[in-house]
Each structure stands twice: as C-alpha cells, then as structure tokens.
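K.L.:
Each chain is listed here by its residues.
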Amino acid sequence: MKYVDEYRDRKMADKIVTEIHRTVTRPWAIMEVCGGQTHSIVKYGIDYLLPKEVELVHGPGCPVCVTPLEMIDRAHAIARRPDVIFCSFGDMLRVPGSNGDLFQVKAGGADVRIVYSPLDCLRIAVANPSRKVVFFAIGFETTAPANAMAVWQARAQGIRNFSALVSHVLVPPAIAGILEAPENRVQAFLGPGHVCAVMGYREYEPIAPRYRTPIVVTGFEPLDLLEGTLMAVRQLEQGRAEVENQYGRAVSPEGNLDAQRMIRRVFEVCDRGWRGIGVIPNSGYRLNDDFRDHDAERIFELGFIHAPEPPICISGQVLRGLKKPHDCPAFGCECTPQSPLGATMVSAEGACAAYYNYGRHLVTLPSQ
Amino acid sequence: MCLAIPGKIVELEEKSCMRMGRIDYGGITREACLEYIADPQIGEYVMVHVGFAISKVDAEEAARTYQYLAEMDQLEEIAAPEPEP
Amino acid sequence: MSTSFILSCPLPMTQHKTIVLGHGSGGRLTAQLVQDLFLPAFDNPALRKLDDQAVLNVAPGRIAVTTDSYVVTPLFFPGGDIGRLAVNGTVNDLAMSGARPLYLTAAFIIEEGLPLEDLRRVTQSMSEAAAEASVAVVTGDTKVVNRGCADRLFITTAGVGLVPDGISISASNARTGDVVIVSGPIGDHGITIWSTREGIDFAGGLKSDTAPLHALVETMIRAGDVHVLRDPTRGGLGTSLCEIAASSSMGIELDANAVPVREEVTAACEILGMDPMFVANEGRLVAMVAESSAERVLRAMRRLPHGRDACRIGRVVAEHAGMVLVKTEVGGSRILDVPFAEQLPRIC
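Chains as they are written, first to last, in this note's numbering: chain L, 14 to 381; chain U, 2 to 86; chain V, 14 to 361.
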C-alpha cells in the first residue's frame, strides 16, 4: 500500500532509532495523545527500540475509553427501546456501562448494528421509516466532520427518523488539563496527526511555550512515530518548546477549513466529562440548537442518569501519566480487560489493558 | 483516535448531492465522501477516515521528508544537537 | 344421510420450491427430500441402506473423531459455500492429527422458507468436496425449524479417520528449534466473508481459501519430521500459535515480515483496523517441523496446489515458554496475545 509500506521500512527505522540513541543524553517522558498512535507503538514494539531514557507515556487518546459512564448508560437505554435501531462504530460495542455492554444489550433483543461510516445510518433510516435510527457519535475532532455531515444530510434530505447521540471530545483542553496537574511528568507531546489534519495545529501554538512543552504533530506509521519522537527528543535536548509538524504529508497548519466550517455549522463546544478524569470545561462538542430535531439526547428524554465511577479505579491518574497500572490495587484482580472498572482497561489501547496484555511479560522481553 | 488510510481517487461521482469518489487502497476499492476535499482529482491520494476523505496526501511533502529520512546518516554532522547550557 | 370425512388434504402438495416444516417431520416429505436431494448427492453403500446408523469396516488401529458446526452467513461466497466449508473443515480437523479422513456425518438444521434450490446447491457442493477429499457422507439427519429460529441453514458434521501407526502429531509436541511453517497467505476467508456481506468487490477476485489439506499433510509427513499441525480457522493464525505455545509450554518467535498476506487482505485489514493474524482461514495449516527436515518439507509442500506458497515464519524456542513473541516489521518486539472475542472493526 502506497504511503503505508514505505513507512514501515526496517532500514529507515534503524536509521531513526540510531539517531535517537545518539541524540538523547538524559531521561525524558513523552506522551502520545492518540489511541491509534498507542496501538501502533504497541503493535510495532516501538518502545522496545527506543533508548531506556526515552519513556513513552500513553495518553488519554481514546475517545472510546474516555466516554463517560453516564453517556454509555444513556446509549444502552436508548438501544433497548424496541422502536430504535442503534448504530455504532465497532469500538463501542464492548465498552461496559453500569450493566454490561452493547453486545449484551443486543443479546437481550435490541437491534444494534455496526456501521463503518455515519452515512450508513442514513441508508438504514431511509430503509426503515417506521423505526428510529440512533447513531452513537463519539470521537475526537477527526470524526466530527463525518458525524456533522450525517446530521446535516439528514436535515437536508428530510430523514426525520435519524438522530445522533453526540459525545465528542476535544484534544487541546485535555492536553492543557494534563499539563496543569501539579504532579504532571509529561515533558513533550506527540500530537494527534489526524485530529490536526482536520483542525490544523494553531490551537497548540500557545500551549507549547506556556507550559514549556514541545508538541510534535505526528502520524501513525512506525517511521512517523519514530521521527516524531526524534523531533521531540531534539527539542527537549536543545531546550526548545515549539510546535513542529512531523506529519506534513497529511497535516497543514490551518487544517481542513471546509471540515471546520461544517463542524461549526452543526456542533457547539460544551463541557464534557472524561471517564476517569472528570469534567473538563469546553472539551466537547454537542449538537447546536439548529439541529435539535436530530439530537438523540433531546429526543429521548432520559433525564439525569447517575453513574458513579468505582472508587477504587485510578484510571484518571494513569491517563495523565501520574501512576502506572501496577500501582492500582485492582489491577489484574477485580479489574481486567474482561471485567474493566475504568477507562484505561476498557479499550485494548488503554494503558492498563496494554500493560495487562503485554506489560506483565515486560521483564522477559529482549532489551535494546 | 483515528484510523485513516491513504488511498487513490479512481472515480468521481455525485450521490445525494454529495461529492463522492471511489478510492483504491491497493487491492480494494471503496466509496468515500469527498465533500471536504477542495477540487479532488483522479489519481490524487487522500486520507480516509470513517468513509470521509479528511485531507489530501501532499506527494511533494511526502517525498521531501522521506528523502530527508533516507539521508539521515549523512546529515549527522550538520544536525548535531547543541547541548543544553 | 351420513357422510364420512377423510381427514387429509385431497391434494397434498409434493412439489415445493422452499423448505417447509413438513420436510423435517420424518414423514413422506422428509423421505422425498432424502431420496431426491441427499441420496443422489452423497450416494454410497452405507448411506443407501438408510438405516439409523452406518455400520462400517475400519482397519485396526487408532481412529480420530471430530465434530463441528457451520453457521456461516452468507451461505454462498466467492470460493465456496457452507457445504464446502463443512466437508473441508471436518476433513482438515482429522488431517491435523495425521489421520486419513474416511467418513463424515451431516446433520442439517434448516430454517423454514429456505429455497430448495439453495439446499440443492449446498449438497451438490458437499458432494464435490467429499469426492475431492475421498470421503463418504455415510449418515445424516434433517430438521426444519420455524422461520426466524435458525439463520437459513446450520450444518453439523462429525468425521472419522484412521491414524497410521507411528504418527504422533499434537499441539503439545513442539520442540526447541522446530521451524514454524505456514502453507499459504492468511486471512483470505475472513476478508472474503466480510466483503461479501458488505457488497465489496475485489478487483483481483479474492476468494475463500477453503480446501482439503489431507493430501498436503500426507506429503509433509512423508518428507520429514512433523511435530505439530493446526488449521487456523476462526481466531486466525495468531490464536493457533498462542494455543500451541501454551500446549507445548514452548516459546515461539515469529518474524512479522515473513508472514504471507495478500495485498487485498492487507488493505481490507488496514481499513477495518483488524490484524490479519486473527482473521479466519479455511484452507491453511501451520506446522512445526524439525529443523533438519524443514527444507525437505517445504519443497514437498510447494509441489502441491494447496502448499504452493508455503514458507517459514518463525521458530520454536525454549525461552518465554507459553508466549509468542513477534519481531515486528521495524525490528521491534511485541507479544502476540489472543483477543478476548472476535475482532471488531475499529475507527480509533
């Protein structure tokens, strides 16, 4: 595959790894924000190629795992209704709410369907005029243009039986939140490449100097992650704190203006709860008033849903890189990928899940 | 977040008043919405996420940075980092 | 005036285009189905007797027995159908012990309303697959359930084979230094099923790899010292390797760059965010073979159609017992771990 294979080239990877080894002189903690980047790091074993001075901290970059419990419960309640066809990306199907996950809701007789694109939901809605089609619209800014288009098209084409349950989260407030925490250890970020393809990276430009933290917008292939890490390490070693763009082939400073325009037409910024962290002000999108007729939260009046997080869970601190999964008393006991208590165990990319699957063997893996 | 895959535009069409395209990912082609791509051309590469192209792949930029990576060991002396005071 | 009623329909329908409940009742409709459809497809002396069981002569020695259920949707897909899967799958389960597959049973659970033509196609396919594999379907059963109570057609099989003396092939037999071999590119079946469901055409004509592997196994055993054989079906190659590592209490080292995957399968997996290592196959095997005979076994495999693309993908080691370690495409290291349930497409 073009623009994929060449970024997995072994010889090129070796060059960058050698350069990182050559450049680093002291320990640094670098956080990759995006769950897709975490997945790639784990899949290609990138952390094992890096010098021990460079620690990659896995960030809260998984909109799936940070979707608040209360929102998951809301989704399940809507899905259980007999007049509803509930559509979701595959990622959300195994996220547990207070009472099981969407698979279990489906096994109980609900009509739950996996979609690959929000536009699939419109086709389902047109084909099932007597049912209410609800789409679980989660994601970072990357997915917002697609979700916005589905809602926009629903209105333009008069598809009245389609609505979206929106739970978008935004990256810059999360990064700021992490940096604000007094015990923060993160010294540099690998910025989310595809979020920036949509939004550009201007928003990060005030953050880097304010917190003296380099931010390198990075892609997802192994060479991207290695090059991004190298650029971050160089900045750290040189005492710089700027925004740089490693992912120039897909990201421009201003981002995709057409996509941003559509986002502004359909969504508005709101406060959002992040599972395991709490409410971060102005860190989410919701449908604006113009689109209230397609807003599942308004259409299905479920009222306030109380969904307390289990007190033993420390995923908030793990997400921010303050604690490691092993520090949690529930890790591997009450809390496992099969019975997760919090965000970081829910998804395979969550730090606790990744540690559970790979980290328990860490001591036996070959060191570089 | 964000699984986005590069693919080549091989066909352009309008569907339900949306600019759509057939995208070739190397062995498989699928439809994607091109509404967020200004002036899409057949033969151009785009990054596709959940059935929507979110950016073009800048071929020149890709070639330039790949070239830089390829020559990295030759650039060692020039790009040596200055130690922090 | 008295009238006597004959309480049966004066003109019972005997020509059906679809399966009805009566076909599973054990009465005349069932018998008709057996005579018109199953018997011609599977014709053999044991089956012709139409007893409740098949009585067979089996040479002395160890027999291998297996059972499996087939519930695939859609029923028909490029490269095969549920019937072909049922025969090849059962043959392969037997072949993985080194057994010579001999006899199959086939029980059909049919949803009311299935077009008779579909059932005819499936049984014809099973007939062809059985002939290719030189096995006989010696007994069977038919049940019909109400509409909505089965997904069109379920097939359950049992298989019986004979294990030649001196053969000891098992997942627990991997030894230090064994070479790990796969018989061809992985993920074809799973991606074919997905794309058929989604209505996606592959330009290159990707199809299911369903195939009988007993001849390939026989060749491999004659050529060298085969310790382990597995056909990685659902759960994919990755799951099989993890199971073997655990069963044998050995470590496995895999070279990611050596695992063959077709371009279309790679592209589809990239789009879905799935790992080809955990995508289903139906006509591939993974083997652990003594190092000294690995080259001979590979050469022998490549002479047969179902082993043409056989290659080395790793080795068995004493370290990290029970774990599969992957040397990744860029030289990194990761542990292969079995997913909790089936892979789901992801966007994240």
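None of these hints come from the bench; they were simulated from the model. Mixed in with the good hints, there may be bad ones.
[Stated by the list, open to error] In silico lysine-lysine, DSBU-like type, Cα no more than 35 Å apart, as pairs:
1. L:336 - U:9
2. V:340 - L:56
3. L:15 - V:220
4. L:15 - V:340
5. U:9 - V:340
6. U:9 - L:24
7. V:340 - L:337
8. U:9 - L:28
9. L:336 - V:220
10. V:30 - U:9
11. L:337 - U:16
[Unchecked claim] Where chain U lies over chain L, by a calculated footprint (3+ residues, C-beta under 8 Å):
12. 26-33
13. 206-220
Predicted, not measured: the structure shown is a model, and the values here were computed from it. Every residue gets a Cβ at the ideal spot worked out from N, C-alpha and C, and that includes glycine.
K.L.:
Output the numbers, in ascending order, of every earlier hint that fails for this structure.
P.N.:
The structure conflicts with hints 1, 9, 10, 11, although it agrees with all the remaining ones.
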